[in-house]
Structures are given as C-alpha cells and as structure tokens.
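Sequences listed follow chains A and B, in order.
Quick note on numbering: numbering that gives the first Met the number 0 labels position 426 of the first sequence as 425, and the sequence is numbered without any gaps.
Quick note on numbering: numbering that gives the first Met the number 0 labels position 432 of the second sequence as 431, and the sequence is numbered without any gaps.
Keep in mind that a hint or two might mislead.
Partial pick of chain A residues on the chain B-facing surface, computed with a CB cut under 8 Å [what the hints assert, rightly or not]:
| # | residue |
| --- | --- |
| 1 | Arg191 |
| 2 | Ala215 |
| 3 | Arg287 |
Since the hints were derived computationally from the structure, they do not count as laboratory data.
Since we're looking at a predicted model, the values are computed, not measured.
Using N, Cα and C, we set each Cβ at its ideal position, and we do this for glycine too.
Protein chains: 2
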Amino acid sequence: MKQYIAENQERFLNELFEVLRIPSISSSSEHKPDMYRCAEKLKSLLLEAGAERAEVYETTGHPVVYGEKIVDPSWKTILIYGHYDVQPVDPIELWHSAPFEPEIRNGAIYARGANDDKGQAFMHIKAFEYLVRKGLMRHNIKFILEGEEEIGSPSLAQWAKDHKDLLACDIMLVSDTTMIGENTPSINCGMRGLAYVEVEVTGPNKDLHSGHYGGAVVNPINALCSMIDQLIDENGRITVKGFYDDVVELSQADREQLGRAPFDMEEYKEFLDIDDVNGEAGYTTQERTGIRPCLDVNGIWGGFTGEGAKTVLPSKAHAKISMRLVPNQNCETIARLFEEHFLSIAPKGVRVKVTPHHGGNGFLIPISSPAYQAASRAIGEVYGIEPVPSRGGGSIPILADLQQILNVDPLLMGFGLERDTIHSPNESYLLSQFYKGMESIALFYRYF
Amino acid sequence: MKQYIAENQERFLNELFEVLRIPSISSSSEHKPDMYRCAEKLKSLLLEAGAERAEVYETTGHPVVYGEKIVDPSWKTILIYGHYDVQPVDPIELWHSAPFEPEIRNGAIYARGANDDKGQAFMHIKAFEYLVRKGLMRHNIKFILEGEEEIGSPSLAQWAKDHKDLLACDIMLVSDTTMIGENTPSINCGMRGLAYVEVEVTGPNKDLHSGHYGGAVVNPINALCSMIDQLIDENGRITVKGFYDDVVELSQADREQLGRAPFDMEEYKEFLDIDDVNGEAGYTTQERTGIRPCLDVNGIWGGFTGEGAKTVLPSKAHAKISMRLVPNQNCETIARLFEEHFLSIAPKGVRVKVTPHHGGNGFLIPISSPAYQAASRAIGEVYGIEPVPSRGGGSIPILADLQQILNVDPLLMGFGLERDTIHSPNESYLLSQFYKGMESIALFYRYF
Chain A
0 MKQYIAENQE RFLNELFEVL RIPSISSSSE HKPDMYRCAE KLKSLLLEAG AERAEVYETT
60 GHPVVYGEKI VDPSWKTILI YGHYDVQPVD PIELWHSAPF EPEIRNGAIY ARGANDDKGQ
120 AFMHIKAFEY LVRKGLMRHN IKFILEGEEE IGSPSLAQWA KDHKDLLACD IMLVSDTTMI
180 GENTPSINCG MRGLAYVEVE VTGPNKDLHS GHYGGAVVNP INALCSMIDQ LIDENGRITV
240 KGFYDDVVEL SQADREQLGR APFDMEEYKE FLDIDDVNGE AGYTTQERTG IRPCLDVNGI
300 WGGFTGEGAK TVLPSKAHAK ISMRLVPNQN CETIARLFEE HFLSIAPKGV RVKVTPHHGG
360 NGFLIPISSP AYQAASRAIG EVYGIEPVPS RGGGSIPILA DLQQILNVDP LLMGFGLERD
420 TIHSPNESYL LSQFYKGMES IALFYRYF
Chain B
0 MKQYIAENQE RFLNELFEVL RIPSISSSSE HKPDMYRCAE KLKSLLLEAG AERAEVYETT
60 GHPVVYGEKI VDPSWKTILI YGHYDVQPVD PIELWHSAPF EPEIRNGAIY ARGANDDKGQ
120 AFMHIKAFEY LVRKGLMRHN IKFILEGEEE IGSPSLAQWA KDHKDLLACD IMLVSDTTMI
180 GENTPSINCG MRGLAYVEVE VTGPNKDLHS GHYGGAVVNP INALCSMIDQ LIDENGRITV
240 KGFYDDVVEL SQADREQLGR APFDMEEYKE FLDIDDVNGE AGYTTQERTG IRPCLDVNGI
300 WGGFTGEGAK TVLPSKAHAK ISMRLVPNQN CETIARLFEE HFLSIAPKGV RVKVTPHHGG
360 NGFLIPISSP AYQAASRAIG EVYGIEPVPS RGGGSIPILA DLQQILNVDP LLMGFGLERD
420 TIHSPNESYL LSQFYKGMES IALFYRYF
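Isolated chain A (complex conformation):
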C-alpha cells in the first residue's frame, strides 16, 4: 500500500479536497442541498474505487450512501461505517483559513471534516481501491456513509432495520476516533454514550426593565444558573436522582490495564492552557474522560448579549446540556431522570421545559476478538509499536444501535489525534496519520 500511496498521493488529496469543499453541515437546514451533493460525490468515489454497486438512499433525514463489492459469499463480510456530515463552523472568526477551502499547512490538512469524518472515511475508500486494483480482495466489503452522525443519527437506525439484509456483515469497521498519539498508537475498546437535552426557563411573560422589577421578580437566568450549579456536587458527582444506578464500577485490574496509556498531566494542561483539571473525586483524568459519566453545559443563552449594556430582566433563559454515559447506562432512561430531576429543582416563579435531543448508549469491544487482534497487528506493524487499548470519551451513539440491529461488533480503528481539534475552529488531520491509516487498514484485511 505504501508504494500505491506514493504513486497516487496527488490524486488522493485532490479527491478528498473535493469532498471537503462541500459544506455538509447536518444541523443546519439550509445545507440540505449540500448533503445531497456530498452523498452523490461519495457514491462516485466508491464506484471509481471498484464498488460493483453504489446508491444514494433516501431516509427520513439526510441521505445514506451505500456501496459494496461482493466477491464470494463464503468470504467474511466487512461493513465500513463512516459519516460525511460535519459540525457547524462557529466561531468562524477563529479559523485561520476558510473551513471549506482545504489547505495543507505544516504537514496537515486544514478544513472542517478533514478528520471528522470525511478524512478518516476516505482512507477506507482508498484502501478498498488498492485491494481491488491489486487483486488483493479476500473479504466482501460494504460501505455505509451516513449524513447525520453529528446530529445523533436520527434516521439511520430505522433505515438499518429496514435494510438489515443489505448490511449483513461479520464485523463493522469504523475510523471516527482518535489514537493517543503518533508515537502511542491505540485502539478504542469502548465508547461513552450520550444523553443531550435542551432546557428553557421562563420567568415573566415579557422582558422587563431590571430597574423596575429587579429584586422582586425571579430572573430566569439567575434561576437557570442556580439549577445548573445544583446538577454537580462538590465531589464532582452528578446529582440527578438514579443517575449512577446502572454504572458498572471497573475492577482494579481493568483500571490498571487502561492506566497503561501514557499521559503527561503537564503537557495536557499546557495544551489547554489551564492551571488545573477537575472532575469526579477518586478518578484520574483519563478515567474521568474514559470510564466515568459526566455532565457538561454545551451552550447557554438568555437576555441581552449584544454590544454594550442593557438593563433587562429577561423572560427566558436557555441551555443545552449533555451527559456522557458509560456502557450499561441507558440514554433514554437518563434523559428521563434528568427531566424529572431538573423540573423538581425549579424554584417558584419560573416554569421549566426540557426537550431531549439525540442520544445513544455506550459500548465495549472485547480485546480478545479476532478483529481487535488483527487491527492490533496491522497498526503495530505500520507504527512499529504495539497499540494500547483505550476507552473513548466521545460517543458514536449510532454504533451501539447498529451493533444491536446487525448483531456484530464494531471495531474502532481511529487515526485522529487530539491536536486535530475536531468540532472546533481549525480542524486538521495530519498527512502522516492519513497515510499510515490507509496502510494499517490495508494490512488489517491481510490479518483478519
């Protein structure tokens, strides 16, 4: 594959850049036409790479791209999952180059989606192309590339149920995560789940002059702040009643195994420019992001937020709040518990509404599985170091659903790095990871 990459490098980048130039932001309805453009583009790329058939399927939301090359029904079938939708680009003013005008700087591709997940999904298309053109196919290969991962895949689970036979496979292969570092390759053996809600706190039925009413009428922003503050106690534990009921405590041995991943606290703090970390008492930073649930406010707004000063006592305040869950916690149960709890702590004088957004459950992948072992050998060969198992703090809720629907394990071979700042301005993807990823994927097929 190394040789093949060297010969085709320029074409690969040109093709990827064409995909990156399409602003396929799934959360914004104005980008609907871009979703179709991007899906059609990927369909063409799959056909050019060697798929026997490829289709853009309608769903209740954004379209799904499906492609396959079935060589021999007796062979094992691998389903590659990826997504072509991307996160919004705000705050746009912090980007050093336009998010949808990909640029190579210092050995990395800069663009929204460069890593998450256009860049990573693209590696699979090219590894597939290599196998086809060099006559190295030893598995049947299927692709499913969806357009709603960043908004919680609201349509894909139903679509997958309706197309269960089409998607039938022995293993699901996914590159949508990070590894610990270029010199510390790792394979995710578990992901956190997610419950995401939006809350609205209403005080008076209109915006008021804070001079005339301040002090007597409950201010919904103050009330919201107080309610949010009550959600986490002084030990960093979430106070939602029943929240920890289904959390499985890891054994000391498991914690030690995961603790093998190298971690430099000073580097971590320096990278983020923070003087200290904080979280649930009794757990390390890696455990807090890997094996423990958490709660974060992802957005808050209310009142006057423009330039200058306005003395308003607003009618409403809003927040987006998400909880990362660990395997065995159910995202719907947690969203319900949150709603009950949040309503129960509302002070008099305000009304509270909780609206659930998408959610998903976490999951675990056995290290002993043949797929994990094959990936470990492939990555070890490319990087010259045996990869360590890690637990991903992020969530790909749809994978837990697909795992259930298709009854197969997902294998998470992610080649992103922390430095890529996905979801943030200046998302990037290191070229070296891009190429090593392709190589590792090609080798995986040899060892699986």
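Chain B: place on chain A using the hints.
Using the frame of chain A, we list chain B on its own:
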C-alpha cells in the same frame, strides 16, 4: 393648555412621530449617523417651539442638544433634562409593529422611545411652546437632551462640568420615570443607582469536543453558573463582601409612608404570568424594587447556541451582571467589591475577567421642597387626586452626577406606566398620559 392641545393634537403627533422614526440606538456604533439626525431634529423643534438659541454640541460620545429662552435674569431658571437615545429592539420578532414605525393602537403610541424618553421629553418641548406662544413664561427655561442615557451617559458629566455656567439653574426637571397608575399618580422622590459589569470566564484555550474532555476539564459555562449562583444566598441577599456596608436602613415610619402606594399582588403576578415573586427576605415586593439593592444577570452566553445539538466544551462563557443600588451606596465602590469577590470565588481551572460598564449613584429628593410641592399641586389638579411619593427602582445615573455638578435637586415628574414595557418589545405610551403630562408640566410652571 388643554385647549392648546386640542387645537394642535395632530401636529404634535406628527412631530413626535418624526422623532420616533429615527433609530437612535446609542449602544450600537452603526447608528452613529442616526444620533446626529435625531439631535438636529430636536434642535429644530426647540427653535420652532420658541427657544432663542439651540445648539447641537459635540461630546466625546454622542451629541448633546442644548436650547434656552432666557427672559429675565432675575427669574428662576429651570433646566429640563431628557434623552433622545433609545434601547436596542431585540428580540425584534416579538414586536407587533415595526419599532421605528410609530403606530397608534388602543389609545397608545407604539414605538421604541414612545415613552423612554422621546415621548416624555417631547411633552416638555410642547409645554414650553405653549408658554411662549401664550405669553405665559415666568421662568427662564433651558433644555439639555442627551444621546447616551441608555448606555450610562459616559460623556455628559464631563461635558456638564465644561459647561457649568451654561447649565446653571435653580431646579432640574425630568420626565423619564413612571407613575404608579393612571388613577394613582405619583412622584418619584428617589431612584436606585446602578453598577453594571461584564464577566468573562475562560477555561481551555479552545473549544473542545465534550466527549474527549468532558468530566476532566473545567467547563467555563458550568463554572460561570456556579459563580453566579453563589452571588445570592438563600435569603435573597447579595454575598459580595461589603455590599451592604453603606446601605441605610429606612425607619419604620418611612417604610409605612412608602407603603401607602397601592399594590395588588394578584394583579402583579397576573400581569407577569408568574406563580410567585421572590427576593430579599423581610421586605415587600415594593420595597425590594424601591428601597433595597439587588443583583440581576441581564445577559448570558457561551458555547453552541444555534439550532440542534453540538457537543462542545467551550473555551469561554460570558455574562452581563448589574446591581441596583440604593442612595448612599457608591457605584464605583460596589463595582470594585464585585470584581474582588467574583475573582475570589473563581474555581481552579478557569480564568476570570471583570469589565465594568457604566454606573451611577442613587439619590433622594426632599418631599418638602418647593419644586416637589408645585409638582404635587399641578398633578393633583390634572388628575383630580393628590399624587403619592414613591421610590423608583430604575436608575438615571447621570442625574446624581448633574445634581452634584450643578448643585441643584432634580425633580422627577414621570408620566410613564408599567404597561408601557419600556426596554422591551412593543414599548408604548398612552395618549392620555402624554396629554395629561403636558398639562401637568404647564401647571407646574404656574405653581413653582
């Protein structure tokens, strides 16, 4: 005056509407040209009304309009203060008619500034016109109409110091407040002061993926909420160290005198559509908004606030926080105490910045003063009921400054009503109050 109003009603409204159509929003730099247009328009109106001279003066900020008619140096001189700038119009979608297209509905003028303060200042120009044209002038009259009241009058105090002789007067007359009700006329005998700050809480130096970092890295929104929650204790008292040091407790007699103003709690709650009020323990709703200080978050923002869901752990969170002060509290001292306190409660893992906006001190006006007595008699005659003294919860910081600079008392004859929802969508001004205000002002000149 009643007769004169009847004869000129249409012209009055046309002239006022021309002023209301100018979007003189002082907080927004893009409206700078509108400030000049509005100032020039008012200068013309003053000259047409009978001013001997009128000028638009440059300041370090928005221009000031000055006009005067000096008839006899031995007469008492009255300085009328008003402002021609208005509040922003957000949320614009809640307006039933365009904020800068004045409209009469159900006996009221609807427009931004209809009451605050274009409508109220306009009454003075027309009462002045009446005195001039009917040969009833018995005082020298000066006008000062500023363009920065809604942003805290940053330039006027210095300008007034530089033009002390020009502004020399025996009493300052101001209509920029409300009365209790159409059937319960009242005169403000005190106003609250204001300290207004903007706070910025910074966590990590970039927006992060909440899945990868959530649980370990301090979220600046959660931190900000917690800090805001700590600012008010369970008794509704502000926890800023030293905040109450200069607050003068009112005597039981004074509290009873102010308690004479009628107040219907059920009506109040129904008007605001709230199930309960809340505030500092041990005080009534009227006391909480009149004679006690308070703290309100006027705006809050951070993270992802768009449509849908984004799993971001943001770098920054912001809030605008204001404190209403009572006479004897110093706004600069309070802003400093706030900053010290707010920095002291910042948790590890975040950095906090506090930026003061404008502020001003509260003040009191003696009920026994001849000006208060003349106003009381004039309003009593027009409304058929003796007005009650009240304490305004709002702040006109510049009045406390002018009081000091010019060494005169301000008299607050406000004709606004609560229903006018100034600073909010659908600001309005009842025509009946508009005309009764003019009459009361004209009579004031007779009795003073």
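Hints and how they fare:
Hint on A:Arg191 holds. Least Cβ distance to chain B is approximately 6 Å, under the 8 Å limit. The criterion of a C-beta within 8 Å of any C-beta in chain B is met by A:Ala215, whose closest approach is roughly 4 Å, and the hint holds. Interface restraint check for A:Arg287: the shortest CB-CB distance to chain B comes to about 4 Å, inside 8 Å, so the restraint holds.
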